[in-house]
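K.L.:
Now for the letters of each chain:
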Amino acid sequence: MSNLWKKISDGFTSSPVYKAIFRHGYDDTPRTRALTTFSNVLYHLHPVKTRRESIKIRYTWCMGGTSLLLFAILTVTGVLLMFYYVPDARRAYNDIKDIMTVVSFGPTFRNVHRLAAHGMVFTVWVHMTRVFLTGAYKPPREFNWIVGVLLLALTLLLSWTGYLLPWDQLALWAITVGTKMAAATPLFGVEGPFGAQLGMRPDNDVKFMLLGGTEVGQNALLRFYVLHCVVLPLLVVVFLAVHFWRVRKDGFSGPL
Amino acid sequence: MPEKSFEVFPRSPKKTYGLMELVKGTSSSVEKEPEDTIFSWPHLFYIEFLVVLGVTALLLFLSLYVQAPLEEEASRDTTPNPMKAPWYFLGLQELLVFFDPWIAGVGIPVLIIIGLMLIPFLDINSKGKGYYTFSERKFAISSYSFGMALWFVFIVIGVWFRGLDWNWYWPWENGHMHKPVVAGLGDLPVMLSRVLGISAFAGNAIADLLMLAYFAIGLIIPAYLFKDFLKKLGLFRYIATMSLFLMMVGIPIKVALRLVFSIKYAIITPWFKI
Chain A
1 MSNLWKKISD GFTSSPVYKA IFRHGYDDTP RTRALTTFSN VLYHLHPVKT
51 RRESIKIRYT WCMGGTSLLL FAILTVTGVL LMFYYVPDAR RAYNDIKDIM
101 TVVSFGPTFR NVHRLAAHGM VFTVWVHMTR VFLTGAYKPP REFNWIVGVL
151 LLALTLLLSW TGYLLPWDQL ALWAITVGTK MAAATPLFGV EGPFGAQLGM
201 RPDNDVKFML LGGTEVGQNA LLRFYVLHCV VLPLLVVVFL AVHFWRVRKD
251 GFSGPL
Chain B
1001 MPEKSFEVFP RSPKKTYGLM ELVKGTSSSV EKEPEDTIFS WPHLFYIEFL
1051 VVLGVTALLL FLSLYVQAPL EEEASRDTTP NPMKAPWYFL GLQELLVFFD
1101 PWIAGVGIPV LIIIGLMLIP FLDINSKGKG YYTFSERKFA ISSYSFGMAL
1151 WFVFIVIGVW FRGLDWNWYW PWENGHMHKP VVAGLGDLPV MLSRVLGISA
1201 FAGNAIADLL MLAYFAIGLI IPAYLFKDFL KKLGLFRYIA TMSLFLMMVG
1251 IPIKVALRLV FSIKYAIITP WFKI
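Read top to bottom, the protein sequences are chains A and B.
Position one of the first sequence corresponds to residue 1 (my numbering), numbered consecutively onward.
Position one of the second sequence corresponds to residue 1001 (my numbering), numbered consecutively onward.
Don't take each hint at face value.
Unchecked claim - Result set (BS3-like, lysine-lysine): computed pairs, CA atoms no more than 30 Å apart in a straight line:
1. Lys1127(B) <-> Lys1273(B)
2. Lys7(A) <-> Lys1014(B)
3. Lys19(A) <-> Lys6(A)
4. Lys49(A) <-> Lys1127(B)
5. Lys1231(B) <-> Lys1127(B)
6. Lys1179(B) <-> Lys1273(B)
7. Lys1014(B) <-> Lys6(A)
8. Lys49(A) <-> Lys1138(B)
9. Lys49(A) <-> Lys249(A)
10. Lys97(A) <-> Lys1014(B)
11. Lys1264(B) <-> Lys180(A)
12. Lys1138(B) <-> Lys1014(B)
13. Lys56(A) <-> Lys249(A)
14. Lys56(A) <-> Lys1179(B)
15. Lys1273(B) <-> Lys180(A)
16. Lys19(A) <-> Lys1273(B)
17. Lys19(A) <-> Lys49(A)
18. Lys49(A) <-> Lys6(A)
19. Lys1127(B) <-> Lys249(A)
20. Lys180(A) <-> Lys1014(B)
21. Lys180(A) <-> Lys1127(B)
22. Lys1231(B) <-> Lys1138(B)
23. Lys1179(B) <-> Lys180(A)
24. Lys1138(B) <-> Lys1084(B)
25. Lys1179(B) <-> Lys1254(B)
26. Lys19(A) <-> Lys7(A)
27. Lys1273(B) <-> Lys1084(B)
28. Lys1254(B) <-> Lys1084(B)
29. Lys1084(B) <-> Lys1014(B)
30. Lys1232(B) <-> Lys249(A)
31. Lys1232(B) <-> Lys56(A)
Claimed, not checked - Cβ-Cβ distance ranges computed for the label pairs, FRET-style:
32. Trp245(A) <-> Trp1151(B): 41 to 47 Å
33. Trp61(A) <-> Val1159(B): 37 to 43 Å
34. Val1260(B) <-> Phe239(A): 39 to 45 Å
35. Lys1127(B) <-> Phe239(A): 46 to 52 Å
36. Phe239(A) <-> Leu1219(B): 14 to 20 Å
37. Phe1236(B) <-> Ala241(A): 32 to 38 Å
38. Gly213(A) <-> Trp1151(B): 17 to 23 Å
39. Tyr43(A) <-> Ile1114(B): 33 to 39 Å
40. Trp245(A) <-> Pro1042(B): 22 to 28 Å
Just so you know, the hints here were simulated from the structure itself, not pulled from any lab data.
We put the CB at the ideal spot given by N, CA and C, even for glycine.
Pulled out of the complex, with its shape left as it was, chain A reads as follows:
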């Protein structure tokens, strides 16, 4: 039986198709283990060999990786939701109702999307705390910590811009509360210190720019939709690339 299995797996791993995809055989050697990591676009984010200590779950709690996983899940479920959702104030709410009632697996994808979003806010926080507690922001990784803080801010903004999209009471008033604060920005908001003195009005200050109007309406919905689905995810991907690249390139002078 094991002989048969070996024959099948050998035939599979020595086939031209397998070789074309993976470029190397699957014999049990250190060479294969090294090639598996660095000849694969996803795996090569990792070093070929990792320090025994840094793999331990009680060291990292897997929180950075889980944040990335949740971001991937959010992208997939988000794209699926985009097929059924139009950011038009007249129909957005009904589109969500459709997703929750008549779209196949609609509730699953919306629920997963929401849970993963809350989860990502939480895991990014825990990841930051872990990095702080292990002093992993210390030289030579100062810059990567800064990138991480930006990613935390982007995560919060992503979650917040998505909050408006269902266009229900919860969404409208939560965003109303939030954007009220924008009007209080010093210098750039009409109600903020020195705002009025600098010529800020309700129709030209930073809140107006964010909402595309003086209150949360169609323009705000479209702006939040574009920020949520295009602008912020692209920024996150760019900063993630820097984050992962630097964590490998910067090295670490600790015991890891």
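Start from chain A and add chain B according to the hints.
P.N.:
Chain B alone, transformed into the frame defined by chain A:
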């Protein structure tokens, strides 16, 4: 007798690579035993694979039981009471009780972000890198934990203890009954001028001086008590660290002033109030 030579890395016909030369240099692996490391494939990837499976399964399972909320359609005609921001911003919304919107909604978040970014440059303690320790970096870990705790305490209050008109409601209280309006918040400058029997201008000046004194004392006393700390950090880093620290501690102090002495503003200027 000729010196005996031997191969460090024996040649093998299976290898397509070989050791060409040994050069001196530094790398992150200098002075490390080779036993420190293990192959990422499979030792690291199988952990990641299990986490991916676990998290995905957990999400799918939870999605069966935790329904995403959907209230009535957005309408300007009915304003919910209270209006609540998403949970991760409720800490900031809770601070609106104690600070003007430009501080709670803009100033404090911006300071948090800047302060977090400055951490690697302010904390120059080279110990505690790559392992958990408290004893080697007491100040850093206590300050971070204090800030984190503050952030989450305010979130918990905002999520579970705030009801109608943003009043405090215990979980066992009737959340549909309005609470009587409590009057009697005062401003510190006005209180000072009344209690001390001095002019409004003098009351303002004393309040401003008290605020200045808070930062001055907060900067000077630790400098005397922990001379090593100041020496290691240098003056500029010390001032930046302590200013951020004092502002963070200032938040619960302001909360206490409000709760204990019914003080709304500690200082009043024609342009802004704190």
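K.L.:
Could you work out which earlier hints the structure fails to respect and list their numbers in ascending sequence?
P.N.:
1, 8, 10, 12, 14, 16, 20, 21, 24, 29, 31, 32, 33, 35, 36, 38
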